Each structure stands twice: as C-alpha cells, then as structure tokens.
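Q: Two independent chains are provided; combine them into the complex using the hints.
Those protein sequence lines, which keep their order, are chains Y and U. Quick note: the first sequence uses the UniProt record's numbering, first residue 1, plus one each step. Quick note: the second sequence uses the UniProt record's numbering, first residue 1, plus one each step.
It should be emphasised that the hints constitute simulated quantities derived from the structure, not laboratory data. Fair warning: this is a prediction, and the values are worked out from it, not measured in the lab. Treat each hint with caution, since some may be false.
[Stated by the list, open to error] Only pairs whose alpha carbons sit at most 27 Å apart, straight line, appear in this in silico BS3-like list of lysine-lysine:
id, chain 1, residue 1, chain 2, residue 2
1, U, Lys132, Y, Lys61
2, U, Lys317, U, Lys225
3, Y, Lys37, U, Lys161
4, U, Lys101, U, Lys70
5, U, Lys397, U, Lys317
6, U, Lys317, U, Lys166
7, Y, Lys59, U, Lys170
8, Y, Lys59, U, Lys166
9, Y, Lys37, U, Lys170
10, U, Lys412, U, Lys19
11, Y, Lys37, U, Lys317
12, Y, Lys12, U, Lys166
[What the hints assert, rightly or not] Label-pair ranges, simulated between beta-carbon atoms:
id, chain 1, residue 1, chain 2, residue 2, range
13, U, Arg151, Y, Phe55, 18 to 26 Å
14, U, Lys398, Y, Asp10, 52 to 60 Å
15, U, Lys387, Y, Asp27, 34 to 42 Å
16, U, Lys225, Y, Thr70, 20 to 28 Å
17, U, Lys207, Y, Asp27, 25 to 33 Å
18, Y, Glu67, U, Leu402, 54 to 62 Å
19, Y, Lys12, U, Leu15, 35 to 43 Å
20, Y, Val14, U, Gly322, 41 to 49 Å
In this text, a Cβ means the ideal position worked out from N, Cα and C, and glycines have one as well.
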Amino acid sequence: MKEGEKMEEDMKEVILDYIREEYLDEDSGIEIDENTKLISSGLVDSFSMVSLLMFLRQKYKANIPDEEATAEVFDTVSGIIELVNKYRQDK
Amino acid sequence: MVFSRKAREFFANELNDLKEQGLFKEERYIHSPQSADIEVEFPEGAEPRKVINLCANNYLGLSSHPEVMKAAREGLDKRGYGMSSVRFICGTQDIHRELEKKLSEFLGTEDTILFSSCMDANAAVFEAAFTKDDIIISDRLNHASIIDGIRLASAQQDSYKHLDMKHLEKKLDMHQDKRFRVIATDGVFSMDGDIAPLDKICDLAEKYDAMVMVDDSHATGFMGKTGRGTHEHCGVVGRIDLITTTLGKALGGASGGCISGRKELIEIYRQKGRPYLFSNTVPPVIINAASRVIDILSETTERRDKLEWNTKYFREKMTEAGFDIRPGVHPIVPIMLYNAQLAQNMAKDLYDEGIYVIGFFFPVVPKGQARIRVQLSAAHEKEHLDKAIEAFIKVGKKYDILGKSREEIIEKYGM
Numbered sequence: 001m002k003e004g005e006k007m008e009e010d011m012k013e014v015i016l017d018y019i020r021e022e023y024l025d026e027d028s029g030i031e032i033d034e035n036t037k038l039i040s041s042g043l044v045d046s047f048s049m050v051s052l053l054m055f056l057r058q059k060y061k062a063n064i065p066d067e068e069a070t071a072e073v074f075d076t077v078s079g080i081i082e083l084v085n086k087y088r089q090d091k
Numbered sequence: 001m002v003f004s005r006k007a008r009e010f011f012a013n014e015l016n017d018l019k020e021q022g023l024f025k026e027e028r029y030i031h032s033p034q035s036a037d038i039e040v041e042f043p044e045g046a047e048p049r050k051v052i053n054l055c056a057n058n059y060l061g062l063s064s065h066p067e068v069m070k071a072a073r074e075g076l077d078k079r080g081y082g083m084s085s086v087r088f089i090c091g092t093q094d095i096h097r098e099l100e101k102k103l104s105e106f107l108g109t110e111d112t113i114l115f116s117s118c119m120d121a122n123a124a125v126f127e128a129a130f131t132k133d134d135i136i137i138s139d140r141l142n143h144a145s146i147i148d149g150i151r152l153a154s155a156q157q158d159s160y161k162h163l164d165m166k167h168l169e170k171k172l173d174m175h176q177d178k179r180f181r182v183i184a185t186d187g188v189f190s191m192d193g194d195i196a197p198l199d200k201i202c203d204l205a206e207k208y209d210a211m212v213m214v215d216d217s218h219a220t221g222f223m224g225k226t227g228r229g230t231h232e233h234c235g236v237v238g239r240i241d242l243i244t245t246t247l248g249k250a251l252g253g254a255s256g257g258c259i260s261g262r263k264e265l266i267e268i269y270r271q272k273g274r275p276y277l278f279s280n281t282v283p284p285v286i287i288n289a290a291s292r293v294i295d296i297l298s299e300t301t302e303r304r305d306k307l308e309w310n311t312k313y314f315r316e317k318m319t320e321a322g323f324d325i326r327p328g329v330h331p332i333v334p335i336m337l338y339n340a341q342l343a344q345n346m347a348k349d350l351y352d353e354g355i356y357v358i359g360f361f362f363p364v365v366p367k368g369q370a371r372i373r374v375q376l377s378a379a380h381e382k383e384h385l386d387k388a389i390e391a392f393i394k395v396g397k398k399y400d401i402l403g404k405s406r407e408e409i410i411e412k413y414g415m
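Here chain U stands alone, though its shape is the one from the complex (with noise of 0.2 Å):
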C-alpha cells in the first residue's frame, strides 16, 4: 500500500475544505443528446425531468443535428472508429488533411493543424515556436487554457489590462526588446461575453511589429456575417498570425480543436508541437463530422442568423424584464446578480422551473461579480426563449431584483 493513511487524509480534507468554500463541482447525469431540451438526473439517483438547456456551447445547435450525425455514422463506416496512432506515425488520414484544408479555407489562413482539443493547441501555441528571446503579453482576462499555453512556454511574459489598448501600446512599446512580440488574447470572453477588438490590436501589432494570436473558441462558426469568428466580426480576416480553435462547441461540439494561420508556423506545430507528436490523433467519426459541418455552414449563413436573432430577443426581453445584464451581441449573456448565494438560489429555483442555467462565482469569476451565464443557440426556438424568460422574471420577482441596480442589489444581498 502506498497510498497511506496520511495521504487518505490529506486529500480527503482537500476535498472537504472545497466543499466548506461552496467550490466543489457536481456532475449532472444528462439522459437526452444534447440539445434544447434535455434530460436530466439532479441530483443524483433522482428521476430524471426534462428542462430548457441554457448552459451549453451548443451555438448554431448541430451537437445532434441529423445531418452531422449522419456524417459521423459515414465516417465510422468508412474510415473506421480508431486510429491507435499519433498523426505522424500512422494516424493521418485523407479526411484528415481534407478537414485542415477546409478549416483554413473556411478561416481564411494559410494553414491548419488538428489537435485532441483547443487545450491541446493552446498548450502547443506558444511552446513549440517561441523562446526566452520572446514575449508573450496577454490579456488578463484570457481563458485559463491560454494562460496555461503561456505557463508552458519559456518565452517571457506579460500581460495587459483587459481589453484596454492604451495599456497593450504600453506593454508593446516597453518591449521592443525583445525578438519576437506575440498579442494573446480570446476572440470572446466566456464569462462576459465580451469581444476584442481585434481591428486596434492589429492595428497596434502592425506599429509594434508584434504576432496576434487570438482564441476563438466562443466565435467560430456564428460570429460575423458569415461566422467565420471574431476575425470577420472585427473586419481583420487575412491579418490574424495564430487563431486556435475549437471543435467542441459551435462546430458540432464532440472534441477536438485547431491551430490556423502562417504556414511556416503550422509547419513547426507540426513538427514540434508535444500535444500534436505526443497524443492520439482526431478520430475518423469526428473529422467526418466536422468536415460535414464546415460545409453546412459554407453553403447557408441560416443558423448563424438564427442564433443572432435569439440573442437580440433574448438580450431585449431580458433587459425590458430589469434585469442587470452586461450589454453585447454575443450568445453568452450574463445575468448579473453580484452575490454568489444569491446566483446560486436563483439558478436552483430556475430549475425547478425547467429551466436549466448555472450560477458563477468566485474563483470563476471575480469576487462580487456573481452572475447566471446564458447561453443562447440556435437550437432555441422562440418558445424556449420565452418559457426560460417568464420563469426569469417568476424568480426575479421572488428575490426581489427587477429593476435593480448594481448597487440595490448589493445593498440588499451583499456582494
């Protein structure tokens, strides 16, 4: 026995102190695909019910869609379910390269590489390429999985008040320096729903001589008018270094994830990117898959469009309704409520209502900044928006915060 008494212990009051500090995480056993609405067991061993799903990454609603499903099944039969090798040894297939030839098209880059997951090439983004000659500055606010990238990486680093270009051009000019600058930044922030403006950025990288690198994972597929991501959103296609993103949400939401943008780059991820020479390659049934979806949003801007109008609907309703919401145009629409309990009760009471969205609070977000994140999808048909907006207001009501401002709130949940 080498896991002693000591360590039994150990771990065993880490998890307690986890769950004194409201931190620890409990799974929901969901009995449906995913989709707008969905099964599920709460807790554990209770019969399952069915509720509006609000808290998935499902954005243009194809995690189930028939058409994808049907290229996965293809993909199974023709191209088999594993590979049981890393793509340089004999995990590549023809769908592979074809899928990485599409998303670079569909991106508009020079290149793309696949990986298991956006993690995964966020972990290869910066290590494989950049050295201590070089400087990573990042927004402060970037998803953990950048940040981790960057931990990775023994090039320098160093960061910028989020989204504020004054302090970027600081940070750029003070390391002129050094070889290599690189921007890190997401294309759309998970907790706010916020957008970088990547125009300023480029415009800043282009006067500092510095490489952008943005995470699109909450954009690709629905943002722009065409959604094509952030990039398009922004009017910057073509002037992206790095985009890393992710197979596991919008585009059909099973797993994997890309680096895309200058092909002498791709190239070294290719050759020296550890998550890439060192994990599984992508599985035959999610390239099809995926490779189905790339087209489906090729030939029609449809669900896109769908998904932009739920979100107005959605984003307008609510604030008519008072409710304090961050104001934007993204499908991540936080519904803030300051206090943690607070956020916590409502998201329980919502449930009971069928409707099924998660209360953040610290440490996922900033202290005092408790919220309910929805999202939205074009899965959602007007009736779901307006079941999940009546039970809001129900539960609003309850607690007392339509109408509210920050500080009312505050002042009567604490923060």
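Chain Y extracted, bound-state conformation (with noise of 0.2 Å):
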C-alpha cells in the first residue's frame, strides 16, 4: 500500500471509530463503513456535526470552513476525508 493510500486508510478508520464511540451504543449491533449514510438516515443528529468539526480540525489540523461543513458533505464519512484532505496541513 502506498503511504498516501495508507494514510487515507488510516483516516478513515479513525473518523469510523470516533463516529461509532460517539453515536452508536455498544450493543446495537450496527455495521457502518465509509458510504453509511450518517445524518440523511437519522445515525447521526446533525447538532453535533459542530463536535465532529471540531475533532476533524484538531486532528488533521485542518481550517475547514464553517460553511463548507454542511449535512449534506457529512452525510458520509466519504465525503467527510474528501474535505478534510481538502484544507489539512499535516500531509
């Protein structure tokens, strides 16, 4: 695997976990992976998409703009590395 690929890997399964510890319930038996729709199938309530931005922007050190964090990009984690790989500073 090439380290860009690995890196990317590794994202994802970071932004996985946090989504599971902070929304699933340990005992829910729920399966998601990076095309689960989060917000649109009600997983994930779109208040605290705010905290999840927050994690995103210390971790990746990435100045993700306000305006582009909307439900429809974090709908999937997906779309939420294709952000954070668009403003992330530590690559």
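A: Given below as structure tokens:
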C-alpha cells in the first residue's frame, strides 16, 4: 500500500471509530463503513456536527470553513475524508 | 389556477407514500369532554362508543374539572372572549400578569412570560437570547419542539447521548471557548417517561459555567412532593435557569405555555421573543382557568398523590402480569412490544375491549422499539385501572407475550 493510501485508510478508521464511539450503542449491532448514510439515515444527529468538525480540525490541523461543513458533505465518511483532505495541513 | 395538476399529483403521491409506510395519522372524533371515560367515533361514521381513556396528557384530571370550568366561565364573563391583540399592544390584562406571578411562585423562579403554547415558548427560548458566540448542548432524545427551537436560533449546536452525564461533561469541557453554554433537556421524556438527572446536570453546569434549560411539560403540576416539577423531584428548585412548560397537559389541558426563570432573560423574551411579539395573547378564559388550577395545586397535593398511587398500582399489576415495562415512577408507562404491527394490532384489540390506547413505532420512537404508551391520570379510579389491566392481560394472552423477554418477543414477531 502506498503511503498516501495508507494515510487515507488510517483516516477512515479514525473517523469511523469516532462515529462509533460518539453515536452507536455498544449493543446496537449496527455496522458502518465509509459509504453508510449518517445524517440522512438518522444515525447521526446534525446538531453534533460541531463537535465532529472540532475533532477533525484538531486531529488533522484542517482549517475547514464552517460553511463547507454541510449536512450533505458530512453524510458519509467518504465525504468527510474528501473535505479534510482539501484543507489538512499535516500532510 | 395556480394549484396545478402537477402540484396536486405531487402531494397526493406524498400522502400515498405515508399511507404505504404506515405513517398516515387518522384523527378520532371524541363526542364527550376530556375525561377518564370518553365517547369515541372510530372509524369515521361509526357509532360513538364508551372507552376508558389511557392516552391523554390529562395527568391531574383537571381538563373537565368543575372548578376549572367554573373559573373559565368567570374569565369569559369578567374579561371577555378574545383580546384581538398581541400582548404588548393591548393584549395584556391584569389576569395575565397575575398568572405569570403565580406561575413564578409555583415553579420557584424569578419571573415568567406566557406564550400561546410551549412549542412557541421553545421557539423563543434560544432564538431570542443566544447568538453564534454561544452553544446549545441538547440531549439526543429531546422533544421535537426543543429541537426546532434550537434550529431557529443562530447559536451553535451540539448534542449528548441520552441521559449520559459523562458525555455531557465531555461536551461542556470541549466548548469552554464559547461565550455561553446552555444545556437543554426535557425534564421527563415523553416516549419513555424517563427523568433527566437534573441534580447532576446542575452540578455539571456549575462546574463548567453553563446555563440549564428544562422543558417540563410532562412534569409541571405533579412531579416532586408538591408537584412543582422535575426540578423539585431532583431537589434543584432555584437552580434551573430556564423552564419551559405547558398549560396544555396537567394544568387544565386547554392550551398556552410559558418560559419561567431568570428575570433578565424573561425580560429579553418580552422584548425580543418572536412568538410573543407576533402572535395573539392567550385568551382570558384560559388565563382565568389556569390561575384557578395553580390555586388548587397550591392548596392540596391530593390530585398528584392520587396520580402517584395510580401509577404505582398500574405499573405493579402490569409487571406482575408479565408485561415488559420500562421501569420508572412516571405516569407515562411504555409497554414494550418492539414490533410495529404487534403494537398496532394490540391497540386495536384493546379498543375493542373498551380501552383507548395508541401504538407508537418508528419514526416516533427508534426502530425496533415499538410500544403501547399508557398515560395515567388522577381522573382514573381503581376500577378503571382494573378494567384496563384485565383487558391488557386478555389481549396479552392472545398474542402470547406475557412473561416473555424482549428477545422472546422479537424472536416471535420480529423487530
């Protein structure tokens, strides 16, 4: 695996783990991956996008502007990764 | 014609989709005053039949209480039918301000402002006071009207796992950079009847310099030893910054609501609360009746004591009978069935037995958590409850769910 791909794979796992811990009950039995609809399916409530955004900004030193952190972009982990990659400064 | 064929088809299709998904709501016509015994026409056109009502928010049985109705008539005679004005133009009578003062005294707060509903109160409580420099941190199972109220505000938003104090603490810590932090929670959550740990929430609020907002619609009038609400139940009277509540449930059940709390904030709502500034004043009939309700509740705890007894009795007997009931002390009693069709079928069979209850399922409650929600009232006599319990047992036997665990019910009926 190339370094860039590995980094992306790591990021995917980090974000998926964050969402599991933040939203899913341990006994819920719900499996999620990078394409699972998060907000539109009701799995993630849109109110807490602010803490997810803060987490991404800190973790990846990504200056994501508020206006780009929309419910549409945050609806899947792939959308989130794309947005982080656009703004991350720790590459 | 601007309502084109295309528009008509579009909305007709949307309604059909709701029907296909089992989400279409039908009203049932009640031919009697609200009470423990009501006459219901269902389906439309059917002969009205007498049933025991177990699904009203008439917790204290005051909706058709003779003294409350008398006070309503007096309000009509002395102060007229309508005011044809918002509060700040010519819609404030002496009795409006009197009721606000009585509510403040009853709730143990500094001041109170009336709204047309608690939904309106929640539409003002965040929007008028907080800005993008502030953050509202909301319990994830808060009532839709709190959620809508938060959405209306320009303040930032975050949420914490239902009743999870560790998670709330994490969020409070995370948002120390904001100007004001406001924790928003229901006092009692309407689907499960579970109670917010306001003592712990107030402790966290002090530790992390946050305000506390509580919607106490399912508690005002009967929770706590003297019925002041969840804050009394949890021993934190005077420590809640903002309480929103309704006159439309235990307090007579007509309509109207309020925000009660810190006096500077209440004055802000009087100056800037949009539902207060741009909708009509609460009519004198309701004001006078609600005022009498507060008097009754201040004179005696008889009604809330009876409700407490009814709740304990019903919960005990239903648990003994083998129903899967969320444990608790609130007159909202969720009888867990997990499967939406089962909840609907049982509610229908109970109706045929003369017991009026409603099945709740997704999206009103999370998927796989369908239930029948029973709501008890001080209007119920022991005979009502015994008849209801007997009917529940009969129907429970028919579906073979008595004594069955969650897993067994799910295995039999699916989620």
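Q: Decide, hint by hint, whether the structure agrees.
A: Consistency of the hints with the structure:
1. U:Lys132 <-> Y:Lys61: holds, 23 Å
2. U:Lys317 <-> U:Lys225: holds, 24 Å
3. Y:Lys37 <-> U:Lys161: Holds. Y:Lys37 to U:Lys161 sits at ~20 Å (cutoff 27 Å).
4. U:Lys101 <-> U:Lys70: holds, 22 Å
5. U:Lys397 <-> U:Lys317: Since the Cα atoms of U:Lys397 and U:Lys317 sit roughly 15 Å apart, the hinted pair holds (cutoff 27 Å).
6. U:Lys317 <-> U:Lys166: Not OK: U:Lys317 and U:Lys166 at ~35 Å, beyond 27 Å, violated.
7. Y:Lys59 <-> U:Lys170: holds, 17 Å
8. Y:Lys59 <-> U:Lys166: Within the cut-off at roughly 22 Å; holds.
9. Y:Lys37 <-> U:Lys170: holds, 25 Å
10. U:Lys412 <-> U:Lys19: holds, 26 Å
11. Y:Lys37 <-> U:Lys317: Since the Cα atoms of Y:Lys37 and U:Lys317 sit roughly 43 Å apart, the hinted pair is violated (cutoff 27 Å).
12. Y:Lys12 <-> U:Lys166: holds, 26 Å
13. U:Arg151 <-> Y:Phe55: 18 to 26 Å: holds, 22 Å
14. U:Lys398 <-> Y:Asp10: 52 to 60 Å: Cβ of U:Lys398 to Cβ of Y:Asp10: about 55 Å, so the range 52 to 60 Å holds.
15. U:Lys387 <-> Y:Asp27: 34 to 42 Å: With Cβ atoms ~38 Å apart, the hint holds.
16. U:Lys225 <-> Y:Thr70: 20 to 28 Å: violated, 48 Å
17. U:Lys207 <-> Y:Asp27: 25 to 33 Å: holds, 30 Å
18. Y:Glu67 <-> U:Leu402: 54 to 62 Å: holds, 56 Å
19. Y:Lys12 <-> U:Leu15: 35 to 43 Å: holds, 41 Å
20. Y:Val14 <-> U:Gly322: 41 to 49 Å: Given range 41 to 49 Å: holds, Cβ gap about 46 Å.
In summary, the numbered hints that this structure violates are 6, 11 and 16.
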